[in-house]
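What follows is the residue order along each chain.
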Amino acid sequence: MRLSPDELIYWQHGWFKINATIGFTWVIMLILVLGSYLLTRNLGAGKKVSKKQSFLEIIVIGMKNQIAELGLDNPTLFIGFLGTLFLFIASSVVLELIPGFEPPTASLSTTTALALSVFLAVPVFGIMETGIKEYISSYLKPTVIMLPFNIISEITRTIALAVRLFGNIMSGGMIVGILISISPFIFPIVMRILGLLTGMVQAYIFSILAGVYIAAATHTDSPKQAEVEQATASNE
Amino acid sequence: MSIDWFTVVAETLNFLILAWLLGRFLYKPVLRAVGQREERIAQELADADEKERHAEAARTEYEQKKLELNQQRASLIKAATGQAAQMKQEMLAQARSDAKEQIERYHIALAQDHDKFSRELIQRTQHEVLAISAKVLTDLADEELHSAILRSFIRQLSAGEGDDQSAFPDLEEFAGKPLLIRSGAELKAEDKQQLLVILQKLFAAEPAVSYETDPKLIGGMEIVSEGHKISWSIAAYLESLHANLQSLMLDFAPESAIPAEAK
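Chains as they are written, first to last, in our numbering: chain A, 2 to 237; chain B, 37 to 299.
To be clear, the hints were calculated from the coordinates, so they are not data collected in a lab. Source: prediction; values computed, not measured. Keep in mind that a hint or two might mislead.
[Unchecked claim] Here are the computed lysine to aspartate or glutamate pairs in the DMTMM-like style, where the Cα-Cα straight-line distance is at most 25 Å:
(1) A/Lys52 / B/Asp149
(2) A/Lys52 / B/Glu140
(3) B/Lys124 / B/Glu104
(4) A/Lys49 / B/Glu156
(5) A/Lys49 / B/Glu75
(6) A/Lys49 / B/Asp85
(7) A/Lys48 / B/Glu75
(8) A/Lys49 / B/Glu74
(9) B/Lys101 / B/Glu80
(10) A/Lys53 / B/Asp149
(11) B/Lys213 / B/Asp250
(12) A/Lys48 / B/Asp149
(13) B/Lys136 / B/Asp149
(14) A/Lys53 / B/Glu74
[As the list claims (entries may be wrong)] Chain B regions said to be covered by chain A (calculated; three or more residues, Cβ under 8 Å):
(15) 52-60
(16) 63-69
(17) 222-230
Every residue, glycine too, gets a C-beta built ideally from N, C-alpha and C.
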């Protein structure tokens, strides 16, 4: 039984290879970018709004409001990063329903890559918003003694982020695979639906946590971080 | 289950590219469209507010004008009513005065007509009475009326002779003056002689007498001398008749038609 789509290699030349993870990521990218292009080709600013435009606006404005609720003052700046995180994970979960589709998020490499992106984005956005001096000094708060703990916190939460997502997505696929081998009718469908639900929740949690980390970095004393982390932990 | 670091790097790049592409093709266009629409709606709302403000100002102005017009109208109506009432009073006074004048004129005309009628009646009655009397006298006594009148006149003249009970108390004024004797008809010679005799007897001298005939003296006679006159005619009887007739007419005439002097 294959646990990760990384193991399914389509093409390899030396260290360079194209496996299922990268391939299906490209498929998702193609669908998302092409779909966005086609849908946003002729958006109108008039009073009469088409149904597809309304649908797009609901998604984008919904994401923007969510980001704003995290305490980020300029949601437009972060929507590109956080929104894409959500859309990528959500479409990966939804496309998993298609037989033969290998969700890239079921690969620990992908979730690590996403967690790494968050790990990098946090200081980038933090420095962009507060300035380098202010950002670095945030590691020395409340005292200098806390510096190693803060650094450990950064790293561990990134690892937690990656493992959480990978575990959830991979386990969903695994459960379905095991159930199909035991009882091939009806029950796997229910598990699929449940997997879809947990997958969407994971996409949401991953994006929100990324947002919270960025918010924590841009507002060095944000009170929301602890609250949201606590709420996310209780959800799981 | 291990991490493939090449895949990690590739996926990180893939993700960053995807984020950029979605930003370019999804978030920016949608947010721009929403922003533009919001801006336009805000602009339209601002315009609507402005229009509403204008409308409110226009409404206030209109109500102010309406109030002014109402006040103006009320004052005009009041003035017109006052004027009309005054005019009515004036017209009524004028009409009353005109009516009064008309009534007065009518009363005067009525009185004049009445007077004229009375006079005519008297005249006619005089004539008729005279004619009837003359006819009666002629028919019954076979004697001309004027002779009878003369005799009556002579009788009255002579009635004062020798006593104070004369029918003509100022007869002495005529003594020694030329006398003009006027009669309704030509006197006969014997009548003239008889009259002369009685005059001589009265004045103790023969007076200078001249005669004149006046048809207006219906059934009457008079002696005129230098501003004095004694006369007798049936006019006195007719005056009495006139008075009686007048009172009779007043009894039957409506109250408004009676002239003030007659009342």
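Tested hints:
no., hint, result
1, A/Lys52 / B/Asp149, "violated (112 Å)"
2, A/Lys52 / B/Glu140, "violated (103 Å)"
3, B/Lys124 / B/Glu104, "violated (30 Å)"
4, A/Lys49 / B/Glu156, "violated (114 Å)"
5, A/Lys49 / B/Glu75, "holds (15 Å)"
6, A/Lys49 / B/Asp85, "holds (22 Å)"
7, A/Lys48 / B/Glu75, "holds (12 Å)"
8, A/Lys49 / B/Glu74, "holds (13 Å)"
9, B/Lys101 / B/Glu80, "violated (31 Å)"
10, A/Lys53 / B/Asp149, "violated (116 Å)"
11, B/Lys213 / B/Asp250, "holds (21 Å)"
12, A/Lys48 / B/Asp149, "violated (103 Å)"
13, B/Lys136 / B/Asp149, "holds (19 Å)"
14, A/Lys53 / B/Glu74, "holds (18 Å)"
15, 52-60, "holds (count 8)"
16, 63-69, "holds (count 6)"
17, 222-230, "violated (count 0)"
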